[in-house]
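A.B. asks: If you want the building blocks of each chain, they are given just below.
Number of protein chains: 2
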Amino acid sequence: MEEEIEDDFSTWYNNIIEKTGLTDKRYPVKGLNIWPPYGWALMQNIDSVIREKFNEKGYKEVNFPTLIPKSQFDREAEHIKGFSDEVYWVTKGGSSDLEEKLVLRPTSETAMYPIFSLWVRSHSDLPLRIYQIVNTFRYETKQTRSFIRVREIHFIEGHTCHVDYEDSERQVMDDIEIWKGIADSISIPYIMERRPEWDKFPGAFYSIGVDTFLPSGRSLQIATIHQYKDNFSKAYDISYTDEKGNRKLVHQTTFGISERLVAAIVGVHGDKKGLILPPSVAPIQVVIVPIPGENVIEYARLVLKKLKSKGIRAELDEREQYTPGWKFNDWEEKGVPVRLDIGREEVNSGSVTISLRTGGKRRVKLPYLIRGVNSAFSEIKETLKKRAEEKMNGYMVEITDLKNATGQMPNVIFWCGKKECADTIESTGKSILGSLEGEGKCIVCGSPGKKTVISKKY
Amino acid sequence: MEEEIEDDFSTWYNNIIEKTGLTDKRYPVKGLNIWPPYGWALMQNIDSVIREKFNEKGYKEVNFPTLIPKSQFDREAEHIKGFSDEVYWVTKGGSSDLEEKLVLRPTSETAMYPIFSLWVRSHSDLPLRIYQIVNTFRYETKQTRSFIRVREIHFIEGHTCHVDYEDSERQVMDDIEIWKGIADSISIPYIMERRPEWDKFPGAFYSIGVDTFLPSGRSLQIATIHQYKDNFSKAYDISYTDEKGNRKLVHQTTFGISERLVAAIVGVHGDKKGLILPPSVAPIQVVIVPIPGENVIEYARLVLKKLKSKGIRAELDEREQYTPGWKFNDWEEKGVPVRLDIGREEVNSGSVTISLRTGGKRRVKLPYLIRGVNSAFSEIKETLKKRAEEKMNGYMVEITDLKNATGQMPNVIFWCGKKECADTIESTGKSILGSLEGEGKCIVCGSPGKKTVISKKY
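In order, the protein sequences belong to chains A and B.
Taking my numbering, the leading residue of the first sequence gets 829, the next gets one more, and so forth.
Taking my numbering, the leading residue of the second sequence gets 829, the next gets one more, and so forth.
Some hints here could point you the wrong way.
Derived CB-CB ranges, DEER-like [as the list claims (entries may be wrong)]:
hint	chain 1	residue 1	chain 2	residue 2	range
1	A	S876	B	D902	36 to 42 Å
2	A	D1251	B	E880	54 to 60 Å
3	B	D995	A	E1148	21 to 27 Å
4	A	W1154	B	E880	31 to 37 Å
5	B	L1194	A	D992	41 to 47 Å
6	A	R1172	B	K1076	40 to 46 Å
7	A	N1074	B	L1194	46 to 52 Å
8	B	L1194	A	R1147	30 to 36 Å
9	A	L1130	B	S912	54 to 60 Å
10	A	L1130	B	T972	53 to 59 Å
11	A	E880	B	I1198	19 to 25 Å
12	B	T839	A	L1130	28 to 34 Å
13	B	E914	A	Y1034	40 to 46 Å
Honestly, the hints are just simulated from the structure, not real lab data.
Computed from a prediction, not measured in an experiment: that's the story for all the values here.
Note that the Cβ used here is the ideal one computed from N, Cα and C, for glycine as well.
Use the sequences and the hints to build the structure in full.
C.D. replies: Encoded structure:
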């Protein structure tokens, strides 16, 4: 069944996200999509997981303006170079030209850093750790794709300032911990690599990319952590007075995550029947399907009440125009992780039948309802994780000759780190994501190299 | 003490919102402000209250794009006329001119309604009730003021479609119920009136305004409910097939609330010492201030843990560089509704001292901690409500001669409803907000009129 998705992942993906109400692509501007209730609830639940993990590590949530004046946007040369082709410009207010043109934020460095230079005065103001969950804008000229490449992006961006490079490096470690927590909560496997020089974020000292793989075999960058050193603090004069009274530049990091997590959840966990949503973020965690019979509805309502009283996102499907079988398929397609079937048998025996979207059924007595549902959640989380890891490992084929590069699938090679070898490697049509642990001979020149993943990228 | 705020409310307001971290006005574009952590947490808590009330009445949350193509924006003539002077235009992407100019949403009718015409097909799709919490944009040329008149607005907008006018009128009643719940939760008193014809929302059949009054005496519109009838559904072709197979236009309503609720909370409840935040939305509901002494910190941490385990937003102020007295003032200024003082006496007697920001102190034994804090919350809510209602009623002076119109304060008059009388009334510099229950002679022409509130407006 898995093969069918892999064969034509793109068609499956485009179809399932609209059919289940995650997105509506009929908005009359390319690359701008609508979040209908189901999709928006999923994104908000993902945001809640992210907020929790950021807050635990001392980040504070803020919200900066969307519009950035040209003069601020223009202050860090590398950064502008990276973004100038893909920003939207606001040039008019009413019928008059604006005195100063405004950029719709593609990311918020240039909105925040002039203010950071006011917020940071002394070493006691550091570290500064803030994040925001906002919409950012990119004037994409490439083909757009829901949740993956869009022109208005739901974006989570963390920004930090530190007394020195060492402390900003500790932040990178903290951010990696945060990421691990998020990925674990939604059972998404990933690889994490330092990007090659030519692929780092515009203005960064170095960039760490987090990639997962969709059934097409293409890699999807789902998070990035950037070390800026003092590149931006120089341009925006973000400095502090240390204990000895000396003026010093701060060192900065950023951490970016986006709506691509929705794409990852859909693509990594989905199957022929539809979505499979991790219980941590599913808009509906439990759906109750009544099998018509005496006292069934009353009993089902009691079960619903019990679930809701424990904060479980549950729904009772009372629609009369559909059969239970039709409902089973409908909720499976929508990816609801746990289904409770309630019919005469359950009513008579004072129990419920718990069906897991990942497979398996069990009957539990009513007093064990909450325990049974929670253990189903844990089991689903683990099953999703295990399956996804196996799939991802299966995609990655090690090769020792570039001629054997396998079609759409990623490959594992060894690479020496030199640009000329990279050019040869990337002439296969696959990009170098970055290097992992492991040593071997460079696939091009034979000199000592590191284990490196190459893939076609979204 | 109240007088001092009223004497120079504007200075007090501008000072307190920055000093307590509700906003930062130093962003280098007029009318675009930053939400720092404390202000953003307050806004998010208000959003949570609003979400709960909307969801209870069957609304579903969605999220539509920020950018609206000119051709969609131009479809309802009255609406455009009302907004064309105050929209921002996106005209360029990268270095090239866009094929079609895009408007930054000033409100989302023109983004949503082309899609509603796809979502609504048959009577079974109705009623449609959706809302979103987004940023909207107005190119304000008037003086800007934080939370009151800004260029990027945090906005909550409900949009509904109905089979007929009667059903849309029922929605207006539902929206009034929702509003009551929100206002009650934050103890904000208000008057609610149908706006005069010339003051209704562009494109509406009629508009209901909800106004509160700040200590300056000026009215602040904090919510609006609009009946659109089929004005927009005609322009956007939102129609459905009824039971008999006939094609019919839907009737629509909207419901708007904004960050002005922050201004209302600050202005209506604040006093000389600073903010007073309603417990329902306060970012910190309880602050614990330790009075240094043996075992105090350990005991205070235990109390903190108990509060947090019950979902109470609590903080323990362990800062060593400040005295308890300094901390008392600091937290009072920030408006934290409940303070717990813990010193040797409390430790020895196994109790805490609960101080209410609205006045009053009591000591309770530890086993009664949660009950004591919750009852303090209820008391604060009621006190805020009572005080605010008394203040509002005090502002409104009834007059029978326009010559006696009282400076900045609102007045209550009788008005016959005619435009020429309104012109005379409004020549006082005060605007007609709308009419309430109560009959009397028109203050201008003497013919039968309705009780009417006039005020200077924000």
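A.B. asks: Given the range 36 to 42 Å, decide if the beta-carbon distance of S876 of chain A to D902 of chain B lies inside it.
C.D. replies: holds, 39 Å
A.B. asks: Kindly confirm whether 46 to 52 Å is satisfied by the beta carbon distance between N1074 of chain A and L1194 of chain B.
C.D. replies: holds, 49 Å
A.B. asks: Return holds or violated for the Cβ distance of L1194 of chain B and D992 of chain A against the range 41 to 47 Å.
C.D. replies: holds, 45 Å
A.B. asks: 30 to 36 Å was suggested as the range; check whether the CB atoms of L1194 of chain B and R1147 of chain A agree with it.
C.D. replies: violated, 50 Å
A.B. asks: Do the Cβ positions of T839 of chain B and L1130 of chain A conform to the proposed distance bound of 28 to 34 Å?
C.D. replies: For T839 of chain B and L1130 of chain A the Cβ distance comes to about 58 Å; the hint is violated.
A.B. asks: Starting from the hint 53 to 59 Å, judge whether the C-beta atoms of L1130 of chain A and T972 of chain B obey it.
C.D. replies: holds, 54 Å
A.B. asks: Would you say the C-beta atoms of R1172 of chain A and K1076 of chain B sit inside 40 to 46 Å of each other?
C.D. replies: Once the Cβ atoms are compared, 43 Å apart, the range 40 to 46 Å for K1076 of chain B and R1172 of chain A holds.
A.B. asks: Between D1251 of chain A and E880 of chain B, does the C-beta distance stay in 54 to 60 Å?
C.D. replies: The hinted range 54 to 60 Å holds for D1251 of chain A and E880 of chain B, with Cβ atoms some 57 Å apart.
A.B. asks: For the pair E880 of chain A and I1198 of chain B, does the Cβ-Cβ distance stay inside 19 to 25 Å?
C.D. replies: holds, 23 Å
A.B. asks: Should the hint that W1154 of chain A and E880 of chain B are 31 to 37 Å apart at their CB atoms be regarded as holding?
C.D. replies: At 32 Å between Cβs, range holds.
A.B. asks: For the pair E914 of chain B and Y1034 of chain A, does the Cβ-Cβ distance stay inside 40 to 46 Å?
C.D. replies: Once the Cβ atoms are compared, 44 Å apart, the range 40 to 46 Å for Y1034 of chain A and E914 of chain B holds.
A.B. asks: With respect to the beta-carbon atoms only, verify the hint that D995 of chain B and E1148 of chain A lie 21 to 27 Å apart.
C.D. replies: The hint (21 to 27 Å, Cβ to Cβ) holds, given that D995 of chain B and E1148 of chain A are roughly 22 Å apart.
Checked against the numbered hints listed earlier, the structure breaks hints 8 and 12; every other hint is satisfied.
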